Amino acid sequence: MASSDINRSVHLALRDKNYLKFTALLKRQFSRRSLTSRRKLVLELLQKVETAALEAVDALRGIKEEPLERDFLSFLRMLDDGCEAIRFMVEFEEILEHEGGFLKRMISRSPARLVKAQLTHRQSALEIYNELRAVVRMADSRFEDLRKKNIEALGAEGRRRYQAMFNSAE
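Residues 1 to 170, numbered by our numbering, are exactly what the sequence shown covers, in order.
Hints are computed from structural coordinates only; laboratory data are not their basis. Relax, there's no trap hidden among the hints.
In silico lysine-lysine, DSS-like type, Cα no more than 27 Å apart, as pairs:
{"hint": "1", "residue 1": "Lys-104", "residue 2": "Lys-116"}
{"hint": "2", "residue 1": "Lys-27", "residue 2": "Lys-149"}
{"hint": "3", "residue 1": "Lys-17", "residue 2": "Lys-27"}
{"hint": "4", "residue 1": "Lys-40", "residue 2": "Lys-27"}
{"hint": "5", "residue 1": "Lys-21", "residue 2": "Lys-149"}
{"hint": "6", "residue 1": "Lys-17", "residue 2": "Lys-40"}
Restraint-style ranges between C-beta atoms, simulated for each label pair:
{"hint": "7", "residue 1": "Ser-37", "residue 2": "Val-57", "range": "26 to 36 Å"}
{"hint": "8", "residue 1": "Ser-74", "residue 2": "Ser-168", "range": "22 to 32 Å"}
{"hint": "9", "residue 1": "Glu-157", "residue 2": "Gln-123", "range": "45 to 55 Å"}
{"hint": "10", "residue 1": "Val-135", "residue 2": "Arg-61", "range": "19 to 29 Å"}
{"hint": "11", "residue 1": "Arg-33", "residue 2": "Asp-71", "range": "26 to 36 Å"}
Model, not experiment: these values are computed from the prediction. Quick reminder that beta carbons are idealized off the backbone N, C-alpha and C, glycines included.
Please model the entire structure based on the sequences and the hints provided.
Written as structure tokens, this is what we have:
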């Protein structure tokens, strides 16, 4: 348990840094990007939120009841689910865009229906993306409160380790 407490500051720093990078990426324009660029953005978002969630789990090791910490982990998992939904929509659109794709052959012979399916998936991805942006904005102050509370609770050496890891993390 002692090693968990020692490493808590490191895991919190990595959680916070990845979450903040996630929120910064989420502020980027989505709708006017090319399909390739949207796919790349979604994969970057997923990488950051998944890493933040893994670090949140590690930061909770050996810690007694921390309801706000557990709520934040649930929040990260929800964001991850939203990003996975966007990824699915983007990949579906990508499959439809490729000439001779299996999905085109399976779902329709009508070019108009295929275009409509592509637009529907693009719009769905955009709506989910915008909803994620909105919910992250609504949670900003709670995250900052949690972050401040955690840093204050670390002690001098823990704060030093937190800051060193936070500053060095990419």
